[in-house]
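Undergrad: Chain by chain, the residues:
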Amino acid sequence: MVIAKVVGNVWATCKHPGLEGYKLLLIRNLEVVSGKLYGKIQMAVDGKFNAGPGDTVLVLDEGSSARQILDNPNAPVRTVIAGVVDQAAVGEKVAKYT
Amino acid sequence: MYPGKVIGRVVCSVKTPELEGVKLLILQPTDWEQKPDGDPLVVGDCVGSGAGEFVFYVQAREAAVTLPGIPAIDAAIVGIIDGLTLEGAG
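From first to last, the protein sequence lines are chains C and W. For our numbering, count along the first sequence from 1 and bump the result up by 569. For our numbering, count along the second sequence from 1 and bump the result up by 543.
There is no bait here: all hints are sound.
Pairs of lysine-lysine residues, derived as BS3-like cross-links and limited to a Cα-Cα distance of at most 30 Å, are as follows:
no.: 1; chain 1: C; residue 1: Lys592; chain 2: C; residue 2: Lys605
no.: 2; chain 1: W; residue 1: Lys578; chain 2: C; residue 2: Lys605
no.: 3; chain 1: C; residue 1: Lys605; chain 2: C; residue 2: Lys665
no.: 4; chain 1: C; residue 1: Lys605; chain 2: C; residue 2: Lys617
no.: 5; chain 1: W; residue 1: Lys548; chain 2: C; residue 2: Lys609
no.: 6; chain 1: W; residue 1: Lys566; chain 2: W; residue 2: Lys578
no.: 7; chain 1: W; residue 1: Lys548; chain 2: W; residue 2: Lys566
no.: 8; chain 1: W; residue 1: Lys578; chain 2: C; residue 2: Lys609
no.: 9; chain 1: C; residue 1: Lys592; chain 2: C; residue 2: Lys665
no.: 10; chain 1: W; residue 1: Lys578; chain 2: W; residue 2: Lys548
no.: 11; chain 1: C; residue 1: Lys609; chain 2: C; residue 2: Lys662
no.: 12; chain 1: C; residue 1: Lys592; chain 2: W; residue 2: Lys566
no.: 13; chain 1: C; residue 1: Lys592; chain 2: C; residue 2: Lys609
no.: 14; chain 1: C; residue 1: Lys617; chain 2: C; residue 2: Lys665
no.: 15; chain 1: C; residue 1: Lys609; chain 2: C; residue 2: Lys665
no.: 16; chain 1: C; residue 1: Lys617; chain 2: C; residue 2: Lys592
no.: 17; chain 1: C; residue 1: Lys592; chain 2: W; residue 2: Lys548
no.: 18; chain 1: C; residue 1: Lys592; chain 2: W; residue 2: Lys578
Think of the hints as simulated: they come from the structure by calculation, not from any bench.
Sequences are here, hints too, so could you generate the full structure?
TA: Written as structure tokens, this is what we have:
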């Protein structure tokens, strides 16, 4: 899992039925100590956390665990939101996100 | 899930039976601002997308989940993008 920041969202009327009812968020990995974003922008599915742009989230990037989190064996999904991060600490640095 | 643009289609009269009935399109991977990023690939389609459309797709095992049975595909379109917001992405 990685810590990431929600930087956008996507809407799509026409999509696979296994994605119905989920939020589609754009995220980018967040480096805790510097607070910088890194890597490519990715799309993640939010099943129940109702996260939105500006939120810091815990992101899981593995298919079978993703389908388990969404409780939907037919969801064609690999990257999901697994939680909303309140605080993260690395060494002396404590970052609060709420 | 990754963004891309549909740029063409593929027709195969001789193919593995696992691909029977699967619509095959040629997709150019892009970034979220629709700029090309990487080499085109052939993908399955389950949402009825067509040339020029901005879509998102999945790869590997997730692609096989998209169609009934277990089709022999390694990439599939799963949605057509109507719109998106993107801010503060650096």
